[in-house]
Structure formats: structure tokens, C-alpha cells
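Visitor: Sequence:
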Amino acid sequence: MGISAVMPYAAERAIYPEKAKRDKKSFGNQSFEMAVNGRMESEDDKTSSVPARSRGMTVTSSSGLTLHYEKERADGSTCKFSWVDAQTGVNTCVYKPADFSEENPILRVEIWDKDGNLTEKDVNPLEVNPSNATGGEMAAYSVYLKETGQCQNTDISFLWTKSNLDSTGETYDGVSRLNWEKLGREWLKMQFGAGNMKGYYDYLPYYQLLKQQCALFGGSSFTEKGDDKQLGRFYSAEEMQKMQEDLMARNLAKKPKLSATEIYRQNHPEYNGEAIFRFGNSAKLYTAEEIEKLRMANIVYQP
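Reminder that position 285 of the sequence shown reads as 284 in numbering that gives the first Met the number 0, one-by-one numbering, no gaps.
The set of hints was computed from the structure by calculation and includes no laboratory data. Some hints here could point you the wrong way.
[Claimed, not checked] Distance condition first, Cα-Cα at most 30 Å in a straight line; then the derived DSBU-like pairs of lysine-lysine:
| hint | residue 1 | residue 2 |
| --- | --- | --- |
| 1 | Lys210 | Lys120 |
| 2 | Lys241 | Lys210 |
| 3 | Lys241 | Lys256 |
| 4 | Lys188 | Lys210 |
| 5 | Lys241 | Lys283 |
| 6 | Lys210 | Lys197 |
| 7 | Lys241 | Lys188 |
| 8 | Lys70 | Lys120 |
| 9 | Lys197 | Lys241 |
| 10 | Lys283 | Lys256 |
| 11 | Lys256 | Lys292 |
| 12 | Lys113 | Lys70 |
[What the hints assert, rightly or not] Label-pair restraints from in silico Cβ distances:
| hint | residue 1 | residue 2 | range |
| --- | --- | --- | --- |
| 13 | Asn103 | Gly194 | 39 to 47 Å |
| 14 | Ser258 | Tyr200 | 18 to 26 Å |
| 15 | Glu126 | Ala252 | 46 to 54 Å |
| 16 | Gln211 | Asp121 | 22 to 30 Å |
| 17 | Glu237 | Phe216 | 27 to 35 Å |
| 18 | Ser258 | Gly192 | 25 to 33 Å |
| 19 | Lys292 | Ala214 | 54 to 62 Å |
| 20 | Asp245 | Asp165 | 26 to 34 Å |
| 21 | Lys188 | Glu126 | 22 to 30 Å |
| 22 | Gly218 | Asp121 | 21 to 29 Å |
| 23 | Gln265 | Ser175 | 50 to 58 Å |
| 24 | Gln149 | Ser258 | 53 to 61 Å |
| 25 | Ala214 | Glu101 | 18 to 26 Å |
| 26 | Phe216 | Ser175 | 42 to 50 Å |
Beta carbons are placed, not taken as given, at the ideal position from N, Cα and C, and that holds for glycine.
Let the sequences and hints guide you as you build the complete structure.
Guide: Below, the structure written as C-alpha cells:
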């Protein structure tokens with residue numbers, strides 16, 4: 000998973016804050032460490048005279064969105080995901096420690112608010128319940144899926160899931176608990192309903208893993224009546240094609256029946272049923288209704 004950001008780069012400024020004050024902030028049963036009025040500083044930061052931007056730490060756009068990241072830190076951890084929400088200015092970062100492994104999959108999550116305050120947490124992706132997770136936890140879980148080879152393009156899949164939050168009227172802060180499985184289910188249903196088969200299949204592997212992960216915690220606690228019938232199973236490409244054709248046929252059947260003359264007059268209002276159509280080398284001319292009968296008999300015609 001590469002570094003991702005939803006922000007323009009028209010203008011940049013370096014943020015090199017004074018020593019950050021630290022305090023504890025509690026969210027539910029989890030304890031987070033908060034740095035107030037700036038980013039968390041390391042011992043190297045306190046003595047370095049190199050601007051933060053030149054070390055690849057901070058980028059701020061002309062619109063005021065700030066992206067924080069370090070490609071590689073002194074402890075060997077690397078940034079695998081950093082993204083700024085355009086509405087709230089919240090920056091979500093995920094760092095992979097040097098000793099990361101499937102046996103020790105702990106990831107470091109940083110949530111920066113628009114004022115530069117930092118919330119940090121170590122996340123074990125195996126303990127993340129997508130039906131009741133923070134944005135930071137889901138970002139870490141998405142990185143974990145990519146790093147362990149279980150799913151590709153998980154960064155964009157996470158952002159697709161988050162995009163469905165916008166339609167609910169809620170805002171993203173990275174620390175509030177949400178039902179991401181439900182958001183993903185609604186996004187998948189929307190792609191299917193719109194006939195976007197590419198979007199459906201691109202997202203499907205990610206959603207299947209979310210659903211499997213939820214099952215470890217007893218399933219989604221927000222499952223709505225009828226959802227299992229609408230999205231309780233997954234389909235092959237042939238089944239999806241047949242379902243799409245049936246949907247098109249049903250939609251076509253709902254349209255008002257027009258005669259061949261009425262259809263032709265939609266683009267040629269001056270037409271009054273004259274015999275002006277012919278086919279092949281025949282000199283005989285046909286009306287729109289006659290030509291339609293020939294067409295239905297699989298005879299190729301040329302108006």
C-alpha cells in the first residue's frame with residue numbers, strides 16, 4: 000500500500016513546532032496518547048535544524064490540508080498509508096514497524112486533526128472488528144491485508160468505504176467507532192444497482208474479507224432486515240451478466256411501447272408515414288411500420 004493523499008500540492012509550508020505537550024485522551028476502553036499543538040517530536044527532532052518538509056514529514060496545500068508522513072523513521076518503521084480527509088482535514092497515517100510479521104502484525108496509527116493535534120495508537124489488525132472500529136483501526140486493518148498478501152488495492156478500497164460515510168451526513172474524525180462492514184455493504188450494493196460491474200468486482204475481495212473478519216466477532220451488529228437477501232451471497236461473472244441482462248429487460252419493459260413511426264418521428268418530426276425506406280437493391284419503398292416488420296424477420300434494411 001503506497002502513500003495516498005486527497006489534497007492538492009499547489010503550496011507547501013514546513014511545520015516545525017515547539018516541543019509538543021503530551022497528555023492522555025480516552026476513547027471508550029482504549030487509551031490514546033495525545034500531543035497538543037504540534038506533531039510528536041523524537042529526540043532527533045529536538046536537535047535537528049533540517050526543516051520538516053525536507054525530511055518528507057509534512058506537506059500543506061493552499062487549501063489548508065496537511066499531510067504528515069515519514070517514508071522511513073530512525074527505528075526502521077515505514078509509512079504505508081497517509082491520507083487527508085478533504086472535509087474535516089483529519090490526516091490518517093499508518094506505520095509498519097521493522098519487526099512486523101504475520102505473527103507480530105502490530106501497526107502504529109497516527110490521527111492528526113486539522114489543528115495539528117496528534118492521537119497515536121498501536122493496533123493489532125487481528126483484533127479489529129470492522130462492524131465497530133475507528134477509522135484509524137480500519138486503515139491499519141487495510142494495510143495489514145495488503146502487507147500479508149490477502150488483498151490488493153486496499154488503500155483505495157478503504158477510501159471507497161469511507162466515501163459512503165459522506166452520504167450518511169456523518170463526518171470522519173478517525174477515532175469514532177463506525178460500522179465499516181455496513182458502509183462497505185452499502186457501497187457494494189450501490190455499484191451493483193448502478194450496473195458498475197468493474198467497481199463491484201474490484202471492491203468485492205476487500206468486502207468479503209471484512210465480512211469474514213466480522214464473523215470472528217459474531218457478525219455485524221448492525222445487519223438490517225433484508226440485507227442478507229440482497230447481498231447474502233456472491234455471484235460468478237456469468238450469473239452477474241445474466242442478472243444485469245434481466246435488469247435491463249425489466250427496465251425496457253417498463254418503457255412505453257412506441258410504434259416504428261413514433262420512434263422515427265422522434266428524430267424526424269416531419270415524417271407522416273410515407274414509404275421512404277428500402278433494402279438491398281430493391282427499388283421498392285417501405286413505410287416505417289413495414290420496415291420494422293422486415294427487421295423483426297431478421298432482414299437487414301437500409302433507410
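Visitor: A separate judgement is required for each hint: does it hold in the structure or not?
Guide: Results of checking the hints against the structure:
1. Lys210 x Lys120: The given pair, whose Cα atoms are some 24 Å apart, holds under the 30 Å limit.
2. Lys241 x Lys210: holds, 25 Å
3. Lys241 x Lys256: At roughly 24 Å apart (the allowed maximum being 30 Å), Lys256 and Lys241 satisfy the hint.
4. Lys188 x Lys210: Holds, at about 14 Å.
5. Lys241 x Lys283: violated, 41 Å
6. Lys210 x Lys197: Status holds; Cα separation ~20 Å.
7. Lys241 x Lys188: At roughly 17 Å apart (the allowed maximum being 30 Å), Lys188 and Lys241 satisfy the hint.
8. Lys70 x Lys120: holds, 19 Å
9. Lys197 x Lys241: holds, 15 Å
10. Lys283 x Lys256: holds, 28 Å
11. Lys256 x Lys292: The given pair, whose Cα atoms are some 15 Å apart, holds under the 30 Å limit.
12. Lys113 x Lys70: holds, 21 Å
13. Asn103 x Gly194: 39 to 47 Å: holds, 44 Å
14. Ser258 x Tyr200: 18 to 26 Å: violated, 40 Å
15. Glu126 x Ala252: 46 to 54 Å: For Ala252 against Glu126, whose Cβ atoms are near 50 Å apart, the range 46 to 54 Å holds.
16. Gln211 x Asp121: 22 to 30 Å: holds, 23 Å
17. Glu237 x Phe216: 27 to 35 Å: holds, 33 Å
18. Ser258 x Gly192: 25 to 33 Å: Roughly 32 Å apart at Cβ, these two residues keep to the hinted range, so it holds.
19. Lys292 x Ala214: 54 to 62 Å: holds, 57 Å
20. Asp245 x Asp165: 26 to 34 Å: Since Asp245 and Asp165 have Cβ atoms about 31 Å apart, the given range 26 to 34 Å holds.
21. Lys188 x Glu126: 22 to 30 Å: Since the Cβ atoms of Lys188 and Glu126 sit about 28 Å apart, the hinted range of 22 to 30 Å holds.
22. Gly218 x Asp121: 21 to 29 Å: Check passed, 26 Å falls within 21 to 29 Å.
23. Gln265 x Ser175: 50 to 58 Å: The hint (50 to 58 Å, Cβ to Cβ) holds, given that Gln265 and Ser175 are roughly 52 Å apart.
24. Gln149 x Ser258: 53 to 61 Å: Once the Cβ atoms are compared, 56 Å apart, the range 53 to 61 Å for Ser258 and Gln149 holds.
25. Ala214 x Glu101: 18 to 26 Å: Since Ala214 and Glu101 have Cβ atoms about 20 Å apart, the given range 18 to 26 Å holds.
26. Phe216 x Ser175: 42 to 50 Å: violated, 18 Å
Against the hints set out earlier in the document, violations occur for numbers 5, 14, 26.
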